[in-house]
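Keeping their order, the protein sequence lines are chains V and G.
Going by this note's numbering, the residue at position 183 of the first sequence is 183; the numbering climbs one at a time, nothing skipped.
Going by this note's numbering, the residue at position 264 of the second sequence is 264; the numbering climbs one at a time, nothing skipped.
All clues stand as given, with none of them false.
Covered by chain G, per the in silico footprint, the following chain V stretches (three or more residues, Cβ under 8 Å): (1) 72 to 82; (2) 156 to 165; (3) 234 to 247.
Note that these hints are calculated values from the structure, not bench results.
Glycine included, each C-beta is placed from N, C-alpha and C at the ideal position.
There are 2 protein chains.
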Amino acid sequence: LNRNHGTRGEERADGNLTAALARFAVTTRWSDIPQPVVREALRSILNFAGCAIGGSRSAAVERALRVFERYCGPRAASVFGRADRVDIFAAACLNAMSANVLTYDDTHVPTVMHPGSSVAPPLFAWAEAHAVSGRDFLRAFVLGVEVCCRIGNAVSPWHYSHGYLITSTCGVFGAAAGIGKLLGLSVEQMTWALGNAANQASGLVETLPDMAKNLAVGNSARAGLLAALLAEQDFTGGERPLEGPFGFANVMGQMPDVSRLTEGLGVHWELSANAYKPYPTGVVLHPVIDACLQLRDAHALKADDIAQITVRGNPLLGERADRPHPRNGRDASLSVQHSCAIAFIDGAVGLRQFTDACVARPEVAALRARVTMERDAAVGVEEAHVCVRMNSGASFSKHVPHLRGSLQCPMSDAELEAKFIDQVAISAPDIDAPRALAALWNIEALDNMRGVIALLRGC
Amino acid sequence: LNRNHGTRGEERADGNLTAALARFAVTTRWSDIPQPVVREALRSILNFAGCAIGGSRSAAVERALRVFERYCGPRAASVFGRADRVDIFAAACLNAMSANVLTYDDTHVPTVMHPGSSVAPPLFAWAEAHAVSGRDFLRAFVLGVEVCCRIGNAVSPWHYSHGYLITSTCGVFGAAAGIGKLLGLSVEQMTWALGNAANQASGLVETLPDMAKNLAVGNSARAGLLAALLAEQDFTGGERPLEGPFGFANVMGQMPDVSRLTEGLGVHWELSANAYKPYPTGVVLHPVIDACLQLRDAHALKADDIAQITVRGNPLLGERADRPHPRNGRDASLSVQHSCAIAFIDGAVGLRQFTDACVARPEVAALRARVTMERDAAVGVEEAHVCVRMNSGASFSKHVPHLRGSLQCPMSDAELEAKFIDQVAISAPDIDAPRALAALWNIEALDNMRGVIALLRGC
Numbered sequence: 001l002n003r004n005h006g007t008r009g010e011e012r013a014d015g016n017l018t019a020a021l022a023r024f025a026v027t028t029r030w031s032d033i034p035q036p037v038v039r040e041a042l043r044s045i046l047n048f049a050g051c052a053i054g055g056s057r058s059a060a061v062e063r064a065l066r067v068f069e070r071y072c073g074p075r076a077a078s079v080f081g082r083a084d085r086v087d088i089f090a091a092a093c094l095n096a097m098s099a100n101v102l103t104y105d106d107t108h109v110p111t112v113m114h115p116g117s118s119v120a121p122p123l124f125a126w127a128e129a130h131a132v133s134g135r136d137f138l139r140a141f142v143l144g145v146e147v148c149c150r151i152g153n154a155v156s157p158w159h160y161s162h163g164y165l166i167t168s169t170c171g172v173f174g175a176a177a178g179i180g181k182l183l184g185l186s187v188e189q190m191t192w193a194l195g196n197a198a199n200q201a202s203g204l205v206e207t208l209p210d211m212a213k214n215l216a217v218g219n220s221a222r223a224g225l226l227a228a229l230l231a232e233q234d235f236t237g238g239e240r241p242l243e244g245p246f247g248f249a250n251v252m253g254q255m256p257d258v259s260r261l262t263e264g265l266g267v268h269w270e271l272s273a274n275a276y277k278p279y280p281t282g283v284v285l286h287p288v289i290d291a292c293l294q295l296r297d298a299h300a301l302k303a304d305d306i307a308q309i310t311v312r313g314n315p316l317l318g319e320r321a322d323r324p325h326p327r328n329g330r331d332a333s334l335s336v337q338h339s340c341a342i343a344f345i346d347g348a349v350g351l352r353q354f355t356d357a358c359v360a361r362p363e364v365a366a367l368r369a370r371v372t373m374e375r376d377a378a379v380g381v382e383e384a385h386v387c388v389r390m391n392s393g394a395s396f397s398k399h400v401p402h403l404r405g406s407l408q409c410p411m412s413d414a415e416l417e418a419k420f421i422d423q424v425a426i427s428a429p430d431i432d433a434p435r436a437l438a439a440l441w442n443i444e445a446l447d448n449m450r451g452v453i454a455l456l457r458g459c
Numbered sequence: 001l002n003r004n005h006g007t008r009g010e011e012r013a014d015g016n017l018t019a020a021l022a023r024f025a026v027t028t029r030w031s032d033i034p035q036p037v038v039r040e041a042l043r044s045i046l047n048f049a050g051c052a053i054g055g056s057r058s059a060a061v062e063r064a065l066r067v068f069e070r071y072c073g074p075r076a077a078s079v080f081g082r083a084d085r086v087d088i089f090a091a092a093c094l095n096a097m098s099a100n101v102l103t104y105d106d107t108h109v110p111t112v113m114h115p116g117s118s119v120a121p122p123l124f125a126w127a128e129a130h131a132v133s134g135r136d137f138l139r140a141f142v143l144g145v146e147v148c149c150r151i152g153n154a155v156s157p158w159h160y161s162h163g164y165l166i167t168s169t170c171g172v173f174g175a176a177a178g179i180g181k182l183l184g185l186s187v188e189q190m191t192w193a194l195g196n197a198a199n200q201a202s203g204l205v206e207t208l209p210d211m212a213k214n215l216a217v218g219n220s221a222r223a224g225l226l227a228a229l230l231a232e233q234d235f236t237g238g239e240r241p242l243e244g245p246f247g248f249a250n251v252m253g254q255m256p257d258v259s260r261l262t263e264g265l266g267v268h269w270e271l272s273a274n275a276y277k278p279y280p281t282g283v284v285l286h287p288v289i290d291a292c293l294q295l296r297d298a299h300a301l302k303a304d305d306i307a308q309i310t311v312r313g314n315p316l317l318g319e320r321a322d323r324p325h326p327r328n329g330r331d332a333s334l335s336v337q338h339s340c341a342i343a344f345i346d347g348a349v350g351l352r353q354f355t356d357a358c359v360a361r362p363e364v365a366a367l368r369a370r371v372t373m374e375r376d377a378a379v380g381v382e383e384a385h386v387c388v389r390m391n392s393g394a395s396f397s398k399h400v401p402h403l404r405g406s407l408q409c410p411m412s413d414a415e416l417e418a419k420f421i422d423q424v425a426i427s428a429p430d431i432d433a434p435r436a437l438a439a440l441w442n443i444e445a446l447d448n449m450r451g452v453i454a455l456l457r458g459c
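Start from the sequences, fold in the hints, and give me the full structure.
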């Protein structure tokens with residue numbers, strides 16, 4: 001469906017896609033959701049919880065908390081990994097910021113968005129303030145992810161490459177749909193929830209290395225919650241906010257494929273395209289890091305002996321992460337140069353490799369200066385070529401066709417647990433990680449989510 | 001400056017426009033603002049206050065208030081026209097919604113945005129919670145309007161015609177800059193405030209007849225307040241959020257003219273292009289209504305004798321307001337057919353003509369059915385042609401080249417006062433309108449804004 005202002009009437013005739021998507025969210029029962037999708041929801045939620053704890057001490061979260069703290073309403077929800085309790089809007093926002101701040105969150109591969117960071121936080125905030133069962137929680141999460149990823153599919157790849165921060169611009173719909181499901185909205189109200197979300201959809205790629213990026217993601221969680229609560233009060237949000245001539249897909253997409261909104265609903269589930277990061281960096285960097293670590297291991301390479309590292313990757317990698325002089329740990333998580341350097345020097349790429357102190361290490365800076373980036377449209381976003389030339393004249397190269405953590409090469413449950421434990425150890429060592437993990441895997445059996453939430457709080 | 005992803009480095013070299021605009025907002029003193037601009041600020045604020053009171057009983061505000069009420073933080077600010085006190089974020093949001101809900105708010109003519117509705121509410125909320133002098137308040141308002149209208153200029157006319165709700169997408173910057181001025185932000189912090197605002201810029205034309213539209217406007221006020229408060233805590237928002245390759249102008253504009261951001265700063269003031277509506281409808285309808293009222297008066301036309309009304313206007317009029325079957329008062333305020341019918345039947349076009357009851361009147365529906373709309377790109381947005389054919393065979397036509405309330409034909413102070421008094425009478429008759437008006441005209445002399453704010457509260 002192309003943008004065409006003159007066909008408002010015609011488009012009305014071919015069925016209301018927003019309402020169809022809303023109807024799916026409203027009518028889907030627990031038994032309609034296949035067990036592998038439930039399993040992937042658990043993995044996503046576990047990954048989210050670890051990332052929210054991992055990012056909970058970041059400067060962005062600390063600074064935002066100072067503001068929210070002053071204007072806080074009823075303190076019904078927790079900031080994961082911290083002792084702070086705030087109102088449910090602030091909790092949704094702050095936990096989304098935390099989950100996203102280390103760029104360690106989940107990735108819906110077809111869109112490169114991070115659905116868990118927008119969808120899970122408002123559900124957790126709501127579930128802490130109200131009695132929500134594990135199954136209701138999981139179902140709302142599955143449907144929230146389904147809705148926002150389908151909207152992302154409809155506007156991809158143009159939307160993100162044009163400069164919209166897809167995690168926030170689309171995530172807001174998932175937050176709205178998930179909360180709308182918990183609230184038991186009617187189809188009409190769910191449509192309004194999506195319209196109220198559409199009018200709050202925001203976020204720009206320009207601020208990717210800045211805290212404003214985390215604000216956009218936090219805002220998507222908060223705004224989605226608001227969108228659904230307003231819809232519950234019959235606050236109207238239009239009839240076709242997604243596919244109408246001036247709706248989300250046409251205004252914030254270019255030649256959007258709105259058939260993706262509803263095609264195969266209930267048959268294909270978007271959570272099955274969700275992946276988890278082994279490294280706390282922009283996902284575009286992952287195949288590069290895989291290649292570096294594999295080269296280092298295979299040939300026992302020493303950083304001091306390296307004359308030059310050449311990375312050949314998709315132009316998107318260049319646009320997002322060709323950052324030779326990162327100013328701090330945040331910048332470094334979107335730097336090809338830093339990621340390569342640290343992979344060869346430390347042989348590990350975890351949170352400890354993206355601190356400000358690590359960025360300042362002289363030997364890291366020296367090796368960063370010997371990394372060059374080549375853009376090649378023939379290389380896919382999931383792959384990378386890395387070539388290392390040694391001082392000896394020898395050279396080694398590695399092609400990674402599918403990044404680790406990709407759908408072809410998924411993180412195992414054990415790897416996800418190790419990632420969770422590592423983040424707890426760094427950011428909230430008072431949390432009992434094994435108990436929290438056991439509770440998270442067991443969500444489906446819980447009558448009330450409050451028990452597991454209590455285990456994610458810090459002191 | 002065209003969008004060009006490849007020139008990040010090059011663009012950095014030609015000066016930072018966001019910082020230049022931020023610097024202007026930070027460094028402008030009271031004495032730098034010409035007296036006519038101050039006078040126009042007073043007229044805008046008076047118009048805003050009346051509209052906020054006028055819209056304070058609308059369903060959109062009632063329903064949103066039900067949600068905000070539940071999650072309210074410290075109740076430091078008032079909802080104008082009502083007895084409710086809420087936290088400053090909710091007050092900023094609700095007063096912006098009220099001011100915009102009747103589409104009776106101010107219009108920055110070059111962009112067709114309504115700057116007062118986004119900029120004034122957070123300033124009033126802040127001024128009620130803190131001690132702010134009249135001059136500081138006015139200065140912050142002038143600069144907030146200046147910033148958001150300049151950003152609107154840079155992306156107009158494509159931005160709005162493409163489908164972005166410019167009042168909210170650009171208004172958020174004005175709210176951020178105005179609050180940033182009251183907070184005394186540094187240039188770097190003001191730049192971040194604009195970046196934090198850019199990442200919350202949202203709103204779509206699709207929902208124009210729905211409450212979600214008011215949410216977008218309310219959100220622009222709330223989000224701008226948040227953007228500035230975060231920037232005060234050194235929450236970073238990037239270096240070039242407005243003109244960077246993936247910044248606001250390039251992503252949400254097409255071939256934006258970013259020179260408009262800073263050209264003539266301090267010489268030309270955007271408030272001098274601000275106008276006020278004589279009718280509570282979309283501004284695109286105003287020349288049509290002028291023509292109808294003038295035809296009725298000039299020829300003593302009776303609605304019963306009218307066979308056909310033909311409106312010829314700019315295609316934008318057709319896109320926004322060709323609405324033959326309005327469902328309610330809200331719809332009617334964006335309906336060519338209703339506006340023409342009611343102008344001929346009642347000979348007046350005020351709030352009483354846009355109630356649900358008025359929309360349902362059989363004689364109004366009958367005349368609406370005899371109105372046709374022709375789109376003609378040769379007709380400007382500020383003009384309209386109306387032709388009336390009578391049952392007798394006679395026909396009369398009228399061309400309005402400049403709508404009443406335009407810059408060429410501005411509302412007088414007395415007309416603005418009458419509009420204020422009418423809105424108070426309908427929505428909050430307990431407010432002492434003459435006293436409130438006297439206080440509003442006198443803002444410049446006030447040591448503290450709390451006195452005037454107390455007069456805008458209802459009981």
